[in-house]
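Since chain A is already given, all that's left is putting chain B on it; use the hints.
2 protein chains.
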Amino acid sequence: MHKHKVVIVGAGFGGMQAARSLRHPDIEITIIDRRNHHLFQPLLYQVATTLLATSEIAWPIRSVFRNRPDISTLLGDVVGIDREQKRVVLRDGHTVPFDTLILATGARHAYFGRDEWEPYAPGLKALEDATTIRRRLLLAFERAELETDPKAREALLTFAIIGGGPTGVELAGIIAQLAHHTLVKEFRSIDTRTSRIVLVEAGPRVLPAFHPDLSGYAERALEKIGVTIRTGIPVTSCGEDGIRIGETFVPAQTVIWAAGVQASKAGQWLDCPTDRAGRVIVEPDLTVKGMPEIFVIGDTALVTGPDGKPVPGIAPAAKQQGKYAAGIIRDRLSSKPSPKAFRYRHLGNLATIGPSAAVIELGRIRLKGWLAWWIWGLAHIYFLIGTRSRLAVAMSWLWTAVTGLHSARLITQKETLKGEV
Amino acid sequence: MHKHKVVIVGAGFGGMQAARSLRHPDIEITIIDRRNHHLFQPLLYQVATTLLATSEIAWPIRSVFRNRPDISTLLGDVVGIDREQKRVVLRDGHTVPFDTLILATGARHAYFGRDEWEPYAPGLKALEDATTIRRRLLLAFERAELETDPKAREALLTFAIIGGGPTGVELAGIIAQLAHHTLVKEFRSIDTRTSRIVLVEAGPRVLPAFHPDLSGYAERALEKIGVTIRTGIPVTSCGEDGIRIGETFVPAQTVIWAAGVQASKAGQWLDCPTDRAGRVIVEPDLTVKGMPEIFVIGDTALVTGPDGKPVPGIAPAAKQQGKYAAGIIRDRLSSKPSPKAFRYRHLGNLATIGPSAAVIELGRIRLKGWLAWWIWGLAHIYFLIGTRSRLAVAMSWLWTAVTGLHSARLITQKETLKGEV
Chain A
1 MHKHKVVIVG AGFGGMQAAR SLRHPDIEIT IIDRRNHHLF QPLLYQVATT
51 LLATSEIAWP IRSVFRNRPD ISTLLGDVVG IDREQKRVVL RDGHTVPFDT
101 LILATGARHA YFGRDEWEPY APGLKALEDA TTIRRRLLLA FERAELETDP
151 KAREALLTFA IIGGGPTGVE LAGIIAQLAH HTLVKEFRSI DTRTSRIVLV
201 EAGPRVLPAF HPDLSGYAER ALEKIGVTIR TGIPVTSCGE DGIRIGETFV
251 PAQTVIWAAG VQASKAGQWL DCPTDRAGRV IVEPDLTVKG MPEIFVIGDT
301 ALVTGPDGKP VPGIAPAAKQ QGKYAAGIIR DRLSSKPSPK AFRYRHLGNL
351 ATIGPSAAVI ELGRIRLKGW LAWWIWGLAH IYFLIGTRSR LAVAMSWLWT
401 AVTGLHSARL ITQKETLKGE V
Chain B
1 MHKHKVVIVG AGFGGMQAAR SLRHPDIEIT IIDRRNHHLF QPLLYQVATT
51 LLATSEIAWP IRSVFRNRPD ISTLLGDVVG IDREQKRVVL RDGHTVPFDT
101 LILATGARHA YFGRDEWEPY APGLKALEDA TTIRRRLLLA FERAELETDP
151 KAREALLTFA IIGGGPTGVE LAGIIAQLAH HTLVKEFRSI DTRTSRIVLV
201 EAGPRVLPAF HPDLSGYAER ALEKIGVTIR TGIPVTSCGE DGIRIGETFV
251 PAQTVIWAAG VQASKAGQWL DCPTDRAGRV IVEPDLTVKG MPEIFVIGDT
301 ALVTGPDGKP VPGIAPAAKQ QGKYAAGIIR DRLSSKPSPK AFRYRHLGNL
351 ATIGPSAAVI ELGRIRLKGW LAWWIWGLAH IYFLIGTRSR LAVAMSWLWT
401 AVTGLHSARL ITQKETLKGE V
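Residue numbers (this note's numbering), protein chains in the order written: chain A, 1 to 421; chain B, 1 to 421.
Mixed in with the good hints there might be a few duds.
Copies of one chain are not kept apart here, so a pair can be met inside one copy or by any two copies together.
Stated by the list, open to error - Straight-line alpha carbon distances no greater than 20 Å define the calculated EDC-like cross-link-like pairs of lysine to aspartate or glutamate that follow:
#1 Lys289 <-> Asp129
#2 Lys336 <-> Asp26
#3 Lys151 <-> Asp92
#4 Lys86 <-> Asp99
#5 Lys323 <-> Glu118
#6 Lys340 <-> Asp70
#7 Lys86 <-> Asp241
#8 Lys265 <-> Glu293
#9 Lys5 <-> Glu28
Keep in mind the hints are simulated off the structure, nothing from the lab.
Same shape as in the complex, but just chain A:
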């Protein structure tokens, strides 16, 4: 019997959830991803800041589905969709036929048309981004230890984070902790406590998705642990020696980009309408207009709620969409009537600030401080895949809490700091 072929492109939260929910005797699934691993992106900033090891938050896709013989995993770089022939085209020329296609290809960080900033202000989406940032961060302290010119040393000890959303806030918090506590006893020529951590947000307040009370709390908590906050002024340039905030130049050798994102190329592959960020404008059932066999979900789709607001680009939203798409595909196979339009259920917003504070917004409930931190930590451990990672991450955090040490402070890869050979 011919099985219904579902191809899922992208093994992020949306794609993984779709595969999990799509268990059906008449369906065979192929997952295609450029990487061999699913990444738990909400903790990626902790790899970038030396708290967690890469393998603690990433799992081989095929290993996750080892007990699902209906799922094949394929390491491949998709470069197009052949809608006529219903085939996915890979860079190496291979094609993969589908009956139904789920595009869950996510987003990359974007520089609002200023791509020339990227070498100076790397963003944080893939594991390699995290190890790149980790290397630059640690190298800045190493070079400062050797530097004799006070001005140059100051620039080496200035860390600028652009973007005041959860990622920016979380990065700033851990870098402050690293500079003001973890590393203090380890350097002999410099006092790492003199480091400046500058968090820049063009909008009026950090954590704009949260209630203003929580933004205010986060700003005070960050300032208390040594973060300088600059809101209301955009970054106007990024270069080798630092950034310009409005008119003011801030010499900084380490800059991290946590501002905009740009959707994947799914819209280009399909040649269909997208919004300014490149997200595919989907129908209420998450398919593309005129292509009922193609679903687009997660960060690469623009889904509008009944209130007219777009569904946010966060993990729970992508998972809900993956589950919904899987449900429709199963219903179609058994010729059930079309279900209702996708309805996003917002579970809440969470962000940590440094080592022992967090802010949480669950509907009308707003929490801050250590209790919020514990809920944040437990929620993240709960959502990690597999007992092994839960144990390992819990142990890493416990270790840091007890000893103040970070367990993954490695400078690896050969590329060195910009400007160096």
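Relative to the frame of chain A, chain B by itself:
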């Protein structure tokens, strides 16, 4: 008061032990290394074969010595020694003055004058080597899953390890385990059990440093878990498509070099006599002839025992030399008479073969099988630095023993398989 400046170049086992043993109120120590971390090299092959994560076997040098204010750590690439001025010269032009110098700069893998083999047969010395090998290993299976030509598929599923010492034996054992057990359920087009793991040794038997009985046991144990052993014939070429063993061509897309090593450039820096492998020929007190203030220890020194045999290039030997050099320096400061010549105490040889067997030689005691494996495991955990790593490595091993899964199967970095874009 002027303190006696000791500079240690290289934070391997020898350099770290020297720093540990050199605690003296009148001494200040600077450790210089190209990397920011000390690496537990005996377990590096487990990172290359996806059993352990990088951060489980590497620790920032300055973190290890955080409670030793007499020790400064410097990330720098030494390019020469200025003997007249008694200064170490770094690549970036910095110089570091010394009263006493300890060179503990180790060794790299060497290709016996066939450096053109390196791109095809990477060796295993640094963390990046391990992640490179890990990437190639995992990519070979991924590409085989997509390959339709049976010949090409066979070459992708052939893994050749060159060199039958402990590293070669250990690599072959885990790769066999990976192919014949761990990965079996995860691929749909290929049967990973058809993989060939070929261990090539030019000499007459594997583990040449061990008693022939143990070599024989190791060969049988390896064959039992699916390793093909080729002894007595040297590799005559390494290329893009495979290797040549004597006259026979073996198509293999993944080749790992575990054969020769070459000492660091310490001998060139000092312009002093070395042996063929580049090791500095040192005096009985580990100093260089005519340079009593310069010690050379570990893999970069040729130390000859009273039996005329060179001290082996293994961790315990380097540590004994580091401790000995530290003792001499302390004695000199307190004007004690010169101690006796360095005397190497051989503690034994250990090697694992796959997941539950090992061979151990402690003087006249010879052990093999699971008991040897347990002793091997406990010894390695004992020698890891820090409670954190001991727990983490023990947990990784336990996890693999119970579930058969490996915890660090990540393809990272951007370089892809040779031949690919």
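Hint by hint, here is what the structure shows:
1. For the identical chains of this complex, Lys289 and Asp129 are neighbours neither inside a copy (35 Å) nor across copies (49 Å), given an alpha-carbon limit of 20 Å.
2. For the identical chains of this complex, Lys336 and Asp26 are intra-copy neighbours only, at 15 Å inside a copy versus 85 Å across copies, given an alpha-carbon limit of 20 Å.
3. Proximity of Lys151 to Asp92 under the C-alpha cut-off of 20 Å is restricted to the inter-copy arrangement: shortest distance 19 Å between copies versus 50 Å within a copy.
4. In this assembly of identical chains, Lys86 and Asp99 lie within 20 Å of each other by CA distance solely inside one copy; the values are 7 Å within and 74 Å between copies.
5. In this assembly of identical chains, Lys323 and Glu118 lie within 20 Å of each other by CA distance neither inside one copy nor across copies; the values are 35 Å within and 48 Å between.
6. Taking the closest pair of Cα atoms, Lys340 and Asp70 never come within 20 Å of each other, the shortest separation being 28 Å inside a single copy and 70 Å across copies.
7. Taking the closest pair of Cα atoms, Lys86 and Asp241 never come within 20 Å of each other, the shortest separation being 49 Å inside a single copy and 35 Å across copies.
8. Taking CA atoms no more than 20 Å apart as the test, Lys265 paired with Glu293 passes inside one copy only; the shortest distance there is 18 Å, against 63 Å between copies.
9. When the C-alpha separation of Lys5 and Glu28 is checked against a cutoff of 20 Å, the pair qualifies only within one copy, where the shortest distance is 5 Å, while the shortest distance between copies is 69 Å.
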